[in-house]
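> All chains should be built: construct the whole structure from the sequences, respecting the hints.
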Amino acid sequence: MQFTALQIAQLTAGTVEGNAHVAVASFGKIEEAKEGQLTFFANPKYEDFLYRTKASIVIINDTYELKQQVPATLIRVPDAYTAFATLLSKYQEIMQLQLIGIQEPGYRAKTACYGQNVFIGAFTYLGEHVKIGDNCKIFPQVYLGDNVSIGDNCIIHPGVKIYADCKVGNQVTIHAGSVIGSDGFGFAPQADGSLKKVPQIGNVIIEDLVEIGSNTTIDRATIGSTIIKSGAKLDNLIQIAHNVEIGNRTVIAAQAGISGSTKIGNGVMIGGQAGIVGHIQIADGSKINAQAGLGKSLKIPGSVVTGSPAYDYNKAIRSQSLARNLPEMEKRIKELEALVKQLLKEKIA
Amino acid sequence: MQFTALQIAQLTAGTVEGNAHVAVASFGKIEEAKEGQLTFFANPKYEDFLYRTKASIVIINDTYELKQQVPATLIRVPDAYTAFATLLSKYQEIMQLQLIGIQEPGYRAKTACYGQNVFIGAFTYLGEHVKIGDNCKIFPQVYLGDNVSIGDNCIIHPGVKIYADCKVGNQVTIHAGSVIGSDGFGFAPQADGSLKKVPQIGNVIIEDLVEIGSNTTIDRATIGSTIIKSGAKLDNLIQIAHNVEIGNRTVIAAQAGISGSTKIGNGVMIGGQAGIVGHIQIADGSKINAQAGLGKSLKIPGSVVTGSPAYDYNKAIRSQSLARNLPEMEKRIKELEALVKQLLKEKIA
Amino acid sequence: MQFTALQIAQLTAGTVEGNAHVAVASFGKIEEAKEGQLTFFANPKYEDFLYRTKASIVIINDTYELKQQVPATLIRVPDAYTAFATLLSKYQEIMQLQLIGIQEPGYRAKTACYGQNVFIGAFTYLGEHVKIGDNCKIFPQVYLGDNVSIGDNCIIHPGVKIYADCKVGNQVTIHAGSVIGSDGFGFAPQADGSLKKVPQIGNVIIEDLVEIGSNTTIDRATIGSTIIKSGAKLDNLIQIAHNVEIGNRTVIAAQAGISGSTKIGNGVMIGGQAGIVGHIQIADGSKINAQAGLGKSLKIPGSVVTGSPAYDYNKAIRSQSLARNLPEMEKRIKELEALVKQLLKEKIA
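These protein sequence lines map, in sequence, to chains P, H and B.
Residue numbering for the first sequence follows this note's numbering, starting at 1 and increasing by one per position.
Residue numbering for the second sequence follows this note's numbering, starting at 1 and increasing by one per position.
Residue numbering for the third sequence follows this note's numbering, starting at 1 and increasing by one per position.
One or more hints might be untrue.
One copy or two, it doesn't matter: identical chains are merged, so the pair holds either way.
[Unchecked claim] Below 27 Å or equal to it, Euclidean Cα-Cα: the simulated DSSO-like pairs (lysine-lysine) are:
hint, residue 1, residue 2
1, Lys345, Lys334
2, Lys167, Lys110
3, Lys331, Lys347
4, Lys167, Lys331
5, Lys341, Lys331
6, Lys54, Lys167
7, Lys34, Lys299
8, Lys131, Lys334
9, Lys345, Lys287
10, Lys137, Lys167
11, Lys167, Lys263
12, Lys345, Lys197
13, Lys341, Lys296
14, Lys197, Lys90
15, Lys197, Lys131
16, Lys347, Lys196
17, Lys287, Lys197
18, Lys287, Lys196
19, Lys34, Lys54
20, Lys331, Lys315
21, Lys137, Lys110
22, Lys334, Lys347
23, Lys345, Lys315
24, Lys315, Lys296
To be clear, the hints were calculated from the coordinates, so they are not data collected in a lab.
Pasting the structure below:
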């Protein structure tokens, strides 16, 4: 799809400087963009590139004063970065709206149903009583087990597997390879030393506006539901164990892991590769830093912890800094020992 | 499927109190259960819920004395939790037994074969000489490479990929998205700085009664076999490198990683996100705590280690506690320095 | 496929000792090999096995002097291990060359095209304008989104998902379940506390000779490209965030994670479960040890860091060793305190 400078000016409520009929078909960074591409200029650090960019159109701040001539057509807006991002969002929406239809071959149980304007890719499996809402885009090779329901306006990327009985809300995006609803990890040791599986008959509930990255795993509850609340955002390769609850708008970075039955509050931020033990509570607005290993509940909203085992961030920073200088501290102790020994010796003498 | 209170009493060897003909079709927690659901009451903490649960049937201990009337039909048993869990297991078995048949479209090489009462889901790929035992449930979108063999009573969840030549025993469960038999990570640096791939021609052997979580990866051996021994249980997102051996009934939590050629004993417990270096041995019954980084063999059975680098748990706990208080320790050294300085000064004076 | 001792001697430029017509069909380790298998003997530690191996053929060093009779046919070469490895590589190449053809059912957009001698497995999805080079082996259940291009001589294992617009070079191998091109993790907090998705419209470029393990995730760039440079090798379950660059021949072990926009130099080694913060640079030839948590750029080529937070390896080793002995250090401080107290007391007296 092509857009002229004039069309882009209309979409961004901007004004054109230069050839209004020049057209672009894709996007680029100002330092890399080629002819036929649209870019933006906002960060003064990249000023040099502005004057020699090969991009055909540059979105630029109203207030910026040119120091020399610019080869590209300019579109003047109050905030170039925001205008560019808005444009990208609109473009992606347009592209997605065009994605409609049912590809073959597919497997769709007779009791499965779906709404209007959906896309269902090839090799996708819809089990018995599966329900898919309006405007959903279900990419190829997805598996939706029996009784799975998906709300409206969801994007389920290729190869996602959702086990039976799980529920997905509206405007949810799940990236490729993620697994929703696999069994929780529960085995009861028996008298003979063997491990008996604890049946996992709960499900996973994913509320509205959630985004889940690629190859993340969310286990079903033993009984009841593992819940990812509205607006939460999960990155790639995250482990969410059985019966966990993740609060509204909580953000979890890649490779973090949450153990069974832990309840995470709203607006919590969890860093990459952090690990959280089972059966604890994390208060709203807390921050668990990358690679932290958290073994205790955080009861005070807005707590910040770091380290493994994790504790208060400010204390931890001081202790970590001293730990790095332990050789120096050891030297000071040695010196003290020598001096005290000397004092004792002289006293005796 | 529906069950009456009378049927459930028979399955659990219990006795009915109330309407024996009321029926349930699913399970719930006592605080959440709805009409038409079965629940249990065992933990006194939930006593309040017992008297106002909407569940139609509650399994309850023989010894519990009611303090007021209960709306639900009760089933009295010696141990409510165990009876409920047993019932769930039986229910899941019944459901699985009903899952029989070959879905289309599928790809099944002419030399592939399978036993009785199997389920093979749509879009599943069976390579040349694949063998699948009796009562296996192979879900949709599974890949079984050439010469893969699967024993009896296995459950292979959607999207599992098993590379050529790997062997799976009986009563094995593998969850969605796991990869069995990908190449070990081996590259030999060459004189010109390039990295030449070391061919990985071994396989993976998974013995009986093993359970593997979702999106876990188990690499094939360079030569010989990577082995997961009988009764071992692996959680989600675990990395098992080439030529590793995991002992009988060893349990590994999510996101742990075991490097190449390491041999883990029997009954070992490995915590979440723990990492274990290559080419070492872990004695039977050892415990490696969550996020530990183990760089040396554990030769004494029942060893417990923690930390990164990992060492003896009891020692580590004391050191970690002191490390957290390093600012306080530094203050004590400073005070000592001041006092000694004072003593030296006075001595000279 | 069967090979006689004579054929193997020709392939390895070796000489036969024993029956030149005995044939083998597979490979084994000297301690496990069975009749009909080929093995090698190089490590004196395994000498005992040489004299009782059941292997039909053993590749052995020219210089090794037999101490007793060996049941197997021997093939004498200058370097047994190298000869064996070379043979394995040749064998795998032969096997792969035989893998040719298009399996059905498949989904191939009309605008998708592919070169000569390709294999495309069943249930594989080729989107619009997909290009696949010569001699590529695309296994079953792979997803290649619109405009994806794959060079020559690539192996894409089962279930790999490559999102639209990503580019893969020549001689690239990607293992099962890996996801290339999922959205970067970017959300802008809004005034009302909600999180607005930052559109991710870049792509991933994978250059020549790269190998990627199983269930690894590589996110597309926000704008521009996430780049894995020529000859880099990535293990399983690795997270590469948006706009990251990985240098030539850099090696990354399993479960490591690289945050957004970080640039890793050439010939860098990153250990398992290491985590690297976003927006930093790592100089060529640096080494980041397993489980390290790196928060700052490494500007000096050949830097070695360890720990979380990570710092200079040699310093860290000394500090970690002292940290382990903190209880002993605390005892020394206590003794000093007692002695100084005594000295002060006596002074007053």
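> Can you tell me if Lys167 and Lys331 fall within 27 Å by alpha carbon in one copy, between copies, both or neither?
neither (61 Å within a copy, 56 Å between copies)
> What label fits Lys345 with Lys197 when the C-alpha limit is 27 Å: within, between, both, or neither?
Answer is neither; intra-copy 69 Å and inter-copy 67 Å both fail.
> With identical chains, the pair Lys341 and Lys331 could be close in the same copy or across copies; at 27 Å between alpha carbons, which is it: within, between, both, or neither?
both (15 Å within a copy, 16 Å between copies)
> Could you figure out if Lys131 and Lys334 sit no more than 27 Å apart (CA to CA) within one copy, between two copies, both or neither?
neither (72 Å within a copy, 69 Å between copies)
> When no copy is named, should Lys345 and Lys334 be tagged within, between, both, or neither for a Cα gap of at most 27 Å?
Both: 16 Å inside a chain and 19 Å across chains, each within 27 Å.
> Between the shortest in-copy and the shortest cross-copy C-alpha distance, which are at most 27 Å for Lys334 and Lys347: within, between, both, or neither?
Both ways: Lys334 and Lys347 sit 20 Å apart in one copy and 21 Å across, limit 27 Å.
> From the Cα coordinates, with 27 Å as the cut-off, is the pair Lys347 and Lys196 best called within, between, both, or neither?
Classified as neither; 71 Å inside a copy, 70 Å across copies.
> With identical chains treated as interchangeable, where does the CA-CA distance between Lys331 and Lys315 reach 27 Å or less: within a copy, between copies, both, or neither?
both (23 Å within a copy, 14 Å between copies)
> Reference check for the pair Lys197 and Lys131, CA-CA at most 27 Å: within, between, both, or neither?
Answer is between; shortest inter-copy Cα gap is 26 Å, intra-copy 30 Å.
> Cα distance capped at 27 Å. Does Lys345 pair with Lys287 within a copy, between copies, both, or neither?
Classified as neither: same-chain Cα gap 54 Å, cross-chain 49 Å, threshold 27 Å.
> Can you tell me if Lys287 and Lys197 fall within 27 Å by alpha carbon in one copy, between copies, both or neither?
between (35 Å within a copy, 21 Å between copies)
> Between copies, within a copy, both or neither: which fits Lys331 and Lys347 at Cα up to 27 Å?
Both. Shortest intra-copy (24 Å) and inter-copy (24 Å) distances satisfy the 27 Å Cα cut-off.
Violated hints, in rising order: 4, 7, 8, 9, 12, 13, 16 and 23; the structure is consistent with all others.
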